[in-house]
Amino acid sequence: MTSTSPGASPATSSGTTIARPTTVDEAATVLRESRGTVVFRGSGTKSNWAGRVAQPELTVDTGELNRLRSHNPADMTASVEAGMPLATLQGLLAESGQWLALDPPTEAAGATLGGLLATGDCGPRRLRYGALRDLVIGVTLVLADGTVARAGGQVIKNVAGYDLSKMLYGSLGTLGLIAEVVLRVHPRPEASATTVAPSSVHAAARTTLELLASALQPSAVDWVGDTGQGAGDGQLAVRFEGTRAGVEAQTAALQLMLGSAGTGAGAGAVARTLVGSDENRLWQEFAAARMASSGQTTAFAGTLPSRLPAVADALARAADATGVRARLASHGALGLHVARFTGAPADQARAFDTWRRAVLAVGGTVLLRDRPAEVDEVVDALGPAPATAGLLRALRSRLDPDGRCAPGRLGSWL
Amino acid sequence: MTTYLELVAEKATGRVTDEVRGEIGGLVGKGGVISAPAELRTYECDALTGFRVVPALVVLPESTDEVAAVVRVCAREGIPFVARGAGTGLSGGALPVADGIVIGLQRMRTILSVDIENQRAVVQPGVTNAGISAAVAKHNLYFAPDPSSQIVCTIGGNVAENSGGAHCLKYGFTTNHVLALTFVCPDGSVVTLGGDSLDSVGPDLRALVVGSEGTLGIVTEVTVRLLRKPEAVRTLVADFPDAEHAGNAVSDIVSAGIIPAAVEMLDALAIEACEKAVQAGYSLDTPAALVVEVDGVAVEVEAEFERVQGICQANEATHIRIAHDDNERARIWKGRKAAFAAMGRISPDYFVQDGVIPRTKLGATLTRIGEMSERAGLRVANVFHAGDGNLHPLVLYDSAVPGQAERAEHLATAIVELCVEQGGSITGEHGVGSDKACSMLKMFSEADLTVMALVRAAFDRGGICNPGKILPTPRLCGERPGPWRPHPLEAAGVIERF
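Quick note, the sequences are listed as chains W and R, same order.
When you line the first sequence up against the numbering used here, it's residues 1 to 414, in that order.
When you line the second sequence up against the numbering used here, it's residues 1 to 498, in that order.
Hints are computed from structural coordinates only; laboratory data are not their basis.
Misleading hints may appear alongside valid ones.
As the list claims (entries may be wrong) - Capping the alpha-carbon separation at 20 Å, the derived lysine to aspartate or glutamate pairs in DMTMM-like fashion look like this:
1) LYS170(R) / GLU210(W)
2) LYS30(R) / GLU62(R)
3) LYS361(R) / GLU371(R)
4) LYS229(R) / ASP242(R)
5) LYS138(R) / GLU210(W)
6) LYS276(R) / GLU210(W)
7) LYS276(R) / GLU371(R)
8) LYS442(R) / GLU409(R)
9) LYS229(R) / GLU210(W)
10) LYS229(R) / ASP349(R)
11) LYS170(R) / GLU117(R)
12) LYS361(R) / ASP252(R)
Note that the coordinates shown come from a computational prediction; the quantities given were computed from them, not determined experimentally.
With the sequences and hints as input, model every part of the structure.
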């Protein structure tokens, strides 16, 4: 049946039919005229996050649903189809000196706006600009039965009706297809500079809280480093953006702070300030630390910003106890962390599980991201269901009563 | 497929009997129940006083447990309930349901904890918006959303309405500043939405509940994000020869890459009212004035403030007044924030609207509103958030003049519909409530509303949680709901649709 749907192609060898709708209406038709389980796919950079979906009967690929629908530079808004890669959008917005203030690590691999909203992936500059949740002002959603619904609108300020665009943030494809997204965009800052210094995680955590309490307004405060036995200092990076004079003044103030606080061995003396391509390269390295290479496991955690030392210590203990190597990449001022495990899959799984328990115990949340298949044999991808599972199930049963959308993605919670 | 009309049909039929009254009285503390008719009337409306319904009972719980216990009784009996904060809402979102219960949260007004290093506070819903900032001011922190009613409005109401304010262009709305909610579901169960982590796993229920106007459940604790006070703040008032020039100045400021903390516009009528009320020092002879505030790091603020002044001058500003200290800044803001209340000085009655337009259509829209005002023979004062295109046209009328109230209401509705036609919204911060539920069809399709109704039903299966708000119902909008019928004024050729 699906082979007659617009944009549908014959079943692949893995048994899933792939549909590539070119319009929202086609996507709706594909869903309306099909039955069975379905996953939505952008560029596939995050398709292994959270629980695994066993053999979906249909994959709706948004690769052909990739147009810029509008860009109103003077109103600082833009609307795009969900399959538009973020990198492509940034190129289009740059022509007007603007950008979508979002810098997730998956951007370089082709991440799309729909996928980014569905997963909530974010980057260091969330500190200043917020997450995609804060930047999305409207959405077109296609339910599993083909119903096309819009929420929000084209204006930044709008409280008419439920904010379904924000509800879909982190929904991981479980409620329906995100087909179009309307966004708030920002002017590109005139200047940017990043100061980077070698630092232990404990010193970095102190500097981070000191920065938060200060009048300085960094757009990113990140720490990346190895943890566990034999791990040396990591790197603390602080980015300022704004006018040239503002960036210079804030960078100077930061260096004073680093000099007096000491982020490690004589940090003030070895702090370097990077601009231009050197600065970009540093942030590419930091982004790479949050991505898994083949055979590695990554997991994302959120805690109070002050928990950074506890999160790092727990990761070190988990790594040491299981014999895996662990690297932590934290947006320290946001309390958002990515742990990356390298080692035998079963050991990675145990290290992850130990670390997850510790993060949950301090009131945090954890989402398992990429990992070798064997990891799932040792740990439950989702972990214990939250108290909100009942509400999540109720929402799911109203919007997708047949449970077609990404079954298993939220594991036993739904 | 089910339609929203079936889903929002007001089906809750429970009654507040003597037994129920007694049971609920036993669940809350002394003085926690109001049932005398004269006292019930205090709760018959919020700040949208044109809609009034006397509830059967008012309950004033003092804890999450008490709220949950009351809600469980409502769920069991099928009795509709409406949560209420300070009652300052302008859209009838806290309008009681006849035979239903009002759950007033004004007794829950404790700041439960402040975490200075993580910059957040946990507060009960009855704490006032300004009360939060006052409590943390000594730590150089503040709560960013600042609705004009901030001295009296409560954080619970702010969460329900996703309140904005003058400074949301730069800092965002309530939804961007709420980290966690203790939430009583319509079945009386209690959950936490959000938490220490900025992101939950799965759909963002916290973000869904913020701005849901009390239709999904009752928030009994709020964890708010606090911001470090900016190092520098500069404020000016610039007078312009007309609204078009003022609007162009706003566009030029934004095009220059400056995101001001606030950009407010007042027209001559609004200035007249504000000056009569609070003498904030606005020029009485100017057709339009802009209040522009920039804040942030000192060195950037000074440079941006210089550029803002240059842009105002380039747009033929006739006078620029710079606030030289915090007192003068406070006076300027006092004038702006008093605008709605001040209308009483120049008109016996008024309707206020809350439409949003893309900012680039500001000048043209204001011109049209002026023409519509002239044709209808009614004055319209304009005071609004120019930076984000959120208009607040105040349609002035005298209810003592037969037919004038009706004409004013029609003009107000026509203005809001004009906003939608310009690609905007029927409401930027006041909420849909009872007031604009029927206008939702102007902005959304039946399918859109059906999906919203499905979301609502997921939370509130029995339809007892603030029914009749947000989504149009057959009772509210006529047996055959649909787009508004032509206005009598339109039919008579007094106004026309653009």
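Now for the hints, and whether the structure bears them out:
1. LYS170(R) / GLU210(W): Roughly 24 Å separates the two Cα atoms, so the pair is violated.
2. LYS30(R) / GLU62(R): 10 Å, holds
3. LYS361(R) / GLU371(R): The hint holds at about 16 Å.
4. LYS229(R) / ASP242(R): 34 Å, violated
5. LYS138(R) / GLU210(W): 17 Å, holds
6. LYS276(R) / GLU210(W): 46 Å, violated
7. LYS276(R) / GLU371(R): The hint is violated at about 26 Å.
8. LYS442(R) / GLU409(R): 16 Å, holds
9. LYS229(R) / GLU210(W): This hinted pair holds, its Cα atoms lying about 15 Å apart.
10. LYS229(R) / ASP349(R): 38 Å, violated
11. LYS170(R) / GLU117(R): Violated, at about 23 Å.
12. LYS361(R) / ASP252(R): 14 Å, holds
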